[in-house]
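Single-letter residue listing:
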Amino acid sequence: MRMKKLGGLLCLGALVLFTGCATPTIYSWGRYEGLVYTMYAAPDKATAEMQVIKMEEDFQKARAKNKPVHPGFHAHLGYLYFQLGKADEARRAFETEKANFPESAVLMDRMLASLQKP
Amino acid sequence: MVAGCKTAPPPDYTNFRAHHPKSVLVLPPLNQSTAVEATYGYLSTVTLPLAEMGYYVFPVAVIDHFLKENGMPTAGEMHQAPLEKVREIIGADAVLYVTVEQYGTKYQVVNSATVVQAKARLVDVKTGLVLWEGVGVAVESSGGSGSIIGDLIAAAITQAINTSTDRAHKVAIMANANLFTTPKRGLLYGPRHPKFGAPQ
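Listed in order, the protein sequences are those of chains A and B. So for the first sequence, our numbering puts the first residue at 1; every next one is plus one. So for the second sequence, our numbering puts the first residue at 1; every next one is plus one.
Chain B with its partners taken away, still in its complex shape:
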């Protein structure tokens, strides 16, 4: 059901298997949404799913502070950090670059829908090879007809007039689950997962 949603071919895991990382550095996401809080609202949802898939995930807030103190005040500058520096200073095997594309709630008279969409790219620090790319999206609707599909259709045609930070944060958690764990499109299990090496 879920696999039928996307038309792109399944990702090629050749590079991923050849350079399987043990540790992942998650940088604060770039924000292409209209919500200023998206970067940190999203950042706080990434550690759990990645670590539960078997990877060591560097502490996201510590990294954010550390990079800010070392001359990189924004996510944009952090995403430009040279990989050899990442390896030397942090010792990460791979970097996860996330871009938040949608983050917020669309309202109309009787209902609303909160949408979060993000794309992510996992890059090998030693070689610069892209190991994996994916897109995650989740929608939560409330009010209206009581039918999720009906609400989605209604909400999708309304304009965004407001955002609800906490709701978007909860929906980001679902978007991540889709991004990382969708069969045949998500990440391979990492070395700390009991299913490491098994087909994803």
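Chain A extracted, bound-state conformation:
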């Protein structure tokens, strides 16, 4: 019993050591996951306005590196613009998400339709 527990703990240690090396390669991530975390953990530090500024900066950086932005980037940005009442920017962002990732078409069409409402 004691040995079994110890074995489990040794394995946990191995997992900690094992994880240091995963580096993403397909997409540019900017500060997206940190922003999503902060918008729930400390909402006043990640308002829609603040997030838009950071995401637009991150988009320019991704373009400069010629690396695609990740799934959901433009959808998230579009939703922020929608919350800020900027319908034109929101529409452009939702259409970009749909063009980059056709998998998002059903949801993006729904978002685009909601922009048509007065």
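Bear in mind the hints are in silico, worked out from the structure with no lab data behind them. Treat the hints with care, since some could be wrong.
PhoX-like mimics (lysine-lysine), calculated; alpha carbons at most 25 Å apart, straight line [stated by the list, open to error]:
| # | chain 1 | residue 1 | chain 2 | residue 2 |
| --- | --- | --- | --- | --- |
| 1 | B | Lys195 | A | Lys67 |
| 2 | B | Lys68 | A | Lys45 |
| 3 | A | Lys45 | B | Lys170 |
| 4 | B | Lys170 | A | Lys54 |
| 5 | B | Lys195 | B | Lys184 |
| 6 | A | Lys45 | A | Lys61 |
| 7 | A | Lys67 | A | Lys54 |
| 8 | B | Lys22 | B | Lys126 |
| 9 | B | Lys68 | B | Lys85 |
| 10 | B | Lys195 | A | Lys65 |
| 11 | B | Lys85 | B | Lys126 |
| 12 | B | Lys170 | B | Lys119 |
| 13 | B | Lys68 | A | Lys86 |
| 14 | A | Lys67 | B | Lys22 |
| 15 | A | Lys54 | A | Lys65 |
Derived list of chain A stretches under chain B, where covered just means 3 residues or more per stretch with a C-beta under 8 Å from a C-beta of chain B [claimed, not checked]:
| # | segment |
| --- | --- |
| 16 | 29-37 |
| 17 | 64-72 |
| 18 | 75-82 |
| 19 | 100-110 |
Away from chain B, derived, C-beta distances all over 12 Å, residues of chain A [as the list claims (entries may be wrong)]:
| # | residue |
| --- | --- |
| 20 | Asp44 |
| 21 | Glu49 |
| 22 | Lys61 |
| 23 | Glu95 |
Note that the structure is predicted; figures quoted are calculated from it, not measured. Just so you know, even glycine gets a beta-carbon here, dropped at the ideal spot from N, CA and C.
For this one, chain A is given, so just place chain B on it according to the hints.
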């Protein structure tokens, strides 16, 4: 080394291969830990590893807001949403249901260990079949003897008296890497990954 940790047999990928999803809807996790912040602390760490494995991942915060505005105020209610509605309204191929089982830091006098453990189930939206299930765990310790193993043993026998949100969030990122990318137990590569179709 890592494969030796678990006694359960390797998962069966038959359903996964037969109904290989292109897109994954990640719902806010159920929380069985004592930390109220676990649901959203964990949710914000799932997109990157899943997308880097080749899947389209729906924007997690947008989905959360959208479902809340449509009569599902909690993760528990979101997890009950009928699959046909998910397909019709969001257009996802698969849903990832995550349950956070441990999330927080255990302290004693000279050291502490932050533990995050989560289990996940990937379900095909069209058929309701379970495509994959897994458990991910990660531990980070600090202080104490300077030996990770020694600290883990010491920390494991202490009671949780506090939590550290930001530390747990960082450890959640490691737990996810273990959950999704452990060879022979993690997810198969998705259609947007260069190794799609190759053995996992």
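Quick rundown of the hints versus the structure:
{"no.": "1", "hint": "Lys195/B / Lys67/A", "verdict": "holds, 19 Å"}
{"no.": "2", "hint": "Lys68/B / Lys45/A", "verdict": "holds, 22 Å"}
{"no.": "3", "hint": "Lys45/A / Lys170/B", "verdict": "holds, 18 Å"}
{"no.": "4", "hint": "Lys170/B / Lys54/A", "verdict": "holds, 21 Å"}
{"no.": "5", "hint": "Lys195/B / Lys184/B", "verdict": "holds, 15 Å"}
{"no.": "6", "hint": "Lys45/A / Lys61/A", "verdict": "holds, 22 Å"}
{"no.": "7", "hint": "Lys67/A / Lys54/A", "verdict": "holds, 17 Å"}
{"no.": "8", "hint": "Lys22/B / Lys126/B", "verdict": "holds, 13 Å"}
{"no.": "9", "hint": "Lys68/B / Lys85/B", "verdict": "holds, 15 Å"}
{"no.": "10", "hint": "Lys195/B / Lys65/A", "verdict": "holds, 23 Å"}
{"no.": "11", "hint": "Lys85/B / Lys126/B", "verdict": "holds, 11 Å"}
{"no.": "12", "hint": "Lys170/B / Lys119/B", "verdict": "holds, 17 Å"}
{"no.": "13", "hint": "Lys68/B / Lys86/A", "verdict": "holds, 22 Å"}
{"no.": "14", "hint": "Lys67/A / Lys22/B", "verdict": "holds, 21 Å"}
{"no.": "15", "hint": "Lys54/A / Lys65/A", "verdict": "holds, 17 Å"}
{"no.": "16", "hint": "29-37", "verdict": "holds (count 6)"}
{"no.": "17", "hint": "64-72", "verdict": "holds (count 3)"}
{"no.": "18", "hint": "75-82", "verdict": "holds (count 3)"}
{"no.": "19", "hint": "100-110", "verdict": "holds (count 7)"}
{"no.": "20", "hint": "Asp44", "verdict": "holds, 15 Å"}
{"no.": "21", "hint": "Glu49", "verdict": "holds, 16 Å"}
{"no.": "22", "hint": "Lys61", "verdict": "holds, 16 Å"}
{"no.": "23", "hint": "Glu95", "verdict": "holds, 15 Å"}
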